[in-house]
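Peer 1: Here the protein sequences line up with chains A and B, keeping their order. Using the working numbering, the first residue of the first sequence is number 1, and each one after it goes up by one. Using the working numbering, the first residue of the second sequence is number 1, and each one after it goes up by one.
The hints are simulated quantities; they were obtained by calculation from the structure and are not laboratory data. Please read these numbers as outputs of a predicted model, since none were measured by experiment. A couple of the hints might just be wrong.
[What the hints assert, rightly or not] Only some residues are given here: those of chain B computed to face chain A with a beta carbon under 8 Å:
id, residue
1, 84
2, 92
3, 95
4, 96
5, 99
6, 100
7, 112
8, 115
9, 120
10, 121
11, 125
12, 223
13, 321
14, 367
15, 369
For every residue, glycine included, the Cβ atom is placed at its ideal position computed from N, Cα and C.
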Amino acid sequence: MRPAPAAALLFGLAAAALLARHTVSVAVLTIVLLIVCLYAPAPRRWPYLVGALGSALALFVITPFVEQLPGTVLWAGPALPVVGTLDVTTTELSGALFNACRLAAVSLAFTAYALWLDHDRLVQSAGFARRSVLAVALATRLVPTLERDAVGLVEALRGRGVEPEGLRGRARLLSPLLAGSLERSLNLAEAMEARGFGRVGGTRLPAPPWGRREPLALVAAVLAVVVGALWL
Amino acid sequence: MALARTEQLCFTYPSSAAPALRDVSLCLAPGQVTLVLGPSGSGKSTLLRALAGLVPHFHGGSFSGVVEVGGLDTRRHGPAELTGTVATLFQDPEDQVVFTRVLNEVAFGLENVGVPPAQIERRALAALASVGIEHLADRPVMELSGGELQRVCLAATLALDPQLLLLDEPTSQLDPEAARAVLELARRRGIAVLLTEQRPALPLELCDRVVFLDRGCLEFDGAREDAIGWLGRHHPAFVSAPAPVLQRAAGELVCSVEDVSFAYSDSLYVLQDANLELRRGEIVALVGSNGSGKTTLAKLAAGLLEPGSGRVERRGRATYLSQDPGRYTLRERADEEVGIGVEGDLERARPALAAVGLAGYDARHPRDLSSGERERLALAAVLAPAPDLLVLDEPTRGVDPERKLELGSLLRAADDRATLLVTHDLAFAAAVADRVVSLSPERELVHV
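With the sequences and hints as input, model every part of the structure.
Peer 2: Quick look at the structure:
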């Protein structure tokens, strides 16, 4: 399938997850998207899955403690300044589960976009806002680039006989990784400018024609949004 | 008539007190190949950026004088307007790749300058073919080696069919054969070429004219024949063939690689049945073409990779210098960065910095250093632990010939360790190594 309709379909599923009102509906969408992501090659998918599922899990764990909703109290804790009384109620738990599923669905839709779509062809087929599409495509590359840079930093440390151990050892790599990505982005911006990016009157490598599946994907994307808003 | 000219060009980067270029006046004729030489930080790359319009439009800073390219004054016409007339290849190919597929990457510039859509693919494929990599057109950029990537970037510049080609160390990641092919190709195209190089022997054979910059000033500008004489008198390291080294008696065995095979994936073997011995007191240069497995063998020797089969034994501590000096920027200060390998002992870190010519740089942030200085910082970081086995992967990339001489002396001065030197720089290998081992494209080790 061409990347533009595939991106639209993923966007439709993410929108449906945000518009749906029932936890079961959102959970089903999350599982569908998770299965799509699990078909991607294992070495590439793990940082995305850890990010998507880890953040959803964190949301599920933290929300009941910071929300103040009525319901059957399952656990009551101390009263803290600013936060108030720490407790966990059934309403808070179900709300946390609903929001965690929503976050997971949206994150997994992005994961599927990052892992499965040909971003070059997506930029190629962008009929308008090509610069924005290119910016998104470049941003999507951040995760694999950071992963490769992190491997390089660890290798340089091991090459000096130092093994980065534990969470703290690895956390110390974050700052140089971010600084490195900023430096790289400046170099890239310079190279793009030198290659005429932003010049008026640009053309485009012709995009391959659509087949039968592409219009179907677009229809499915619209349907997903409508069904999500009205019935899920 | 001049294709491009600079007149009394002065430029200072916004973050710097000293000018990067001072009163540089040059005229570039159509079809002329000009080699820009000079020490690291002498302003070579800045001169190229000025001719591309990136200085001052992209970098800001203080600019005076005139730069004209194809009749366009760069003060009024930015880099995007100059694209097509000028094409620039930057030093680090990894930092200039926009797309994920090779064909799209080469097509990017053509799209920007408004080439009719029907012609874009044909011209991109022709450019790839001209550098011998048309078979890579559909490959993901992330899967390419440094040398292949450098050729993709060169193809992207050639596809634009420019009148002036600016090449900033275009062969830094290429083996000598590929480097010659690239430079001869640039010459054959009949366009004006301005290139910088830190391995000057080959471009000195092929250029028409040489420009020498030092601390931003134009020290020499003349024909190739005159330049060779001038360089011999003033900067002999740029032209003189290094004296062959006296082979030293090798000591005890520090590292042995026995019948080692290695594959990154199940089917693709990078090394098969490799054997290598490294003894205390000797420097062994490992040379070979791009993709022959040199870095893999170096990492196996240093213990960064485990062999698929065979055995690697080491006695004592090994350190490994990565090809990318940007990986030695973990701390906020240069001495602390070097101190990482010696448990933060700055008393051991500072002499290592001084040994590589970075005395007084203790408090500097590693990211504020130039590329040549970063390379030396990285070297200090692997020298500080006083290893029994020192493995250096392309330590002369971006290092000027005079600094290379110093590096060679530094390496030769130590006789208490074994050193494995991976390099494309055959002149440096000849000047430093006791033994040269070549990895053939068939991945066989040949002891030269």
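Peer 1: Compare the structure with each hint and give your call.
Peer 2: Do the hints match the structure? See the list:
no. : hint : in the structure
1   : 84   : holds, 7 Å
2   : 92   : holds, 7 Å
3   : 95   : holds, 4 Å
4   : 96   : holds, 3 Å
5   : 99   : holds, 5 Å
6   : 100  : holds, 5 Å
7   : 112  : holds, 3 Å
8   : 115  : holds, 6 Å
9   : 120  : holds, 5 Å
10  : 121  : holds, 6 Å
11  : 125  : violated, 11 Å
12  : 223  : violated, 29 Å
13  : 321  : holds, 7 Å
14  : 367  : holds, 6 Å
15  : 369  : violated, 12 Å
The structure fails hints 11, 12, 15 (numbered hints given earlier, in ascending order).
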